[in-house]
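*Asks:* Sequence:
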Amino acid sequence: MTLAAVLTLPCLALWICLSLPSRVPNSAWIKGLIDNSPSESAFAPYLTPVFVQTGTDLLLDVKEPVVLKEADLFKWTVGSVNVVRLVHGGKPTISPNYISRAEFSAQNHSLLLKNVQKEDSGVYRARVTADREIIVAEYSVTVLDPVSGVKLTVKLCSSDSTNVTVICSTEDSLISSTFTCDNQTCSHEGGERAEIITPGASLDVYLENGSVICNHSNQVSSTRDIQKIEDLCVKPDGKS
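Going left to right, the sequence shown walks through residues -19 to -1, 1 to 221 as mature numbering (1 follows the signal peptide of the UniProt record, and there is no 0) numbers them.
Read the hints as simulated data drawn from the structure, not as lab findings. If you're wondering where the values come from, they're calculated on a predicted model, not measured in any experiment. Virtual Cβ for every residue (Gly too), placed ideally from N, Cα, C. Be a bit skeptical, because a hint or two may be false.
To be verified - Derived Cβ-Cβ restraints for the label pairs, each shown as a range:
1) LEU93 with LEU137: 50 to 58 angstroms
2) GLY60 with VAL135: 45 to 53 angstroms
3) GLN200 with GLY60: 17 to 25 angstroms
4) VAL68 with GLY181: 37 to 45 angstroms
5) SER139 with ARG82: 50 to 58 angstroms
What the hints assert, rightly or not - When the alpha-carbon atoms are kept at most 30 angstroms apart in a straight line, the in silico BS3-like pairs for lysine-lysine are as follows:
6) LYS209 with LYS132
7) LYS95 with LYS44
8) LYS72 with LYS44
9) LYS132 with LYS99
10) LYS95 with LYS72
11) LYS209 with LYS136
12) LYS99 with LYS44
13) LYS50 with LYS72
Turn these sequences into a full structure, and let the hints steer you where they fit.
*Replies:* Okay, structure coming up:
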């Protein structure tokens, strides 16, 4: 059932209709929900996708202030694993597996993950638990390696250098592209792309400002090789 379909149904529960948030709940809504909600759990905020490069630090924050009352519990989890716990009036407790690589701010409830690795990928949630639980922040974290370098080489040049086929290659994939060139411009004629490519990455070759550009990228990094079109068919002895 779509959200639109849900919203067109009769309002059978006045509290639900009045309390349904359109975005991450604000602090007043959070407090009212903890105090008054008959529900067993709160509406979760939108799941925010985050891509981060291997070996870097990642800060996960809570957008709205959270004020804990007596007996309230705040915690960050990844999947079903606790990363940090904070009881009202107490000190934060970081799980043993994260002691050396996580920092928690008791002031704004943010979580800093240091030197992240691919096994740190997962869904991270900030939760407040009293009589019931609400989720106040939610991130889908994907840790990616930077893409490998690329190399642009000439596969074929016609005798008059008007037809040029170039190969854009990486360690695990390649792409070929054909350009037809005159003295001033080159037009893209087509090419063939290899099926093997690193998951989550893209490999492209294109013409821009008189240069052929081979570009390898993913959500966290990019690398490229650039060559002037007039240099592609130059023979080793310097003669075209």
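*Asks:* Taking each numbered hint in turn, which are not upheld by the structure, reported in ascending numerical order?
*Replies:* Structure breaks no hint.
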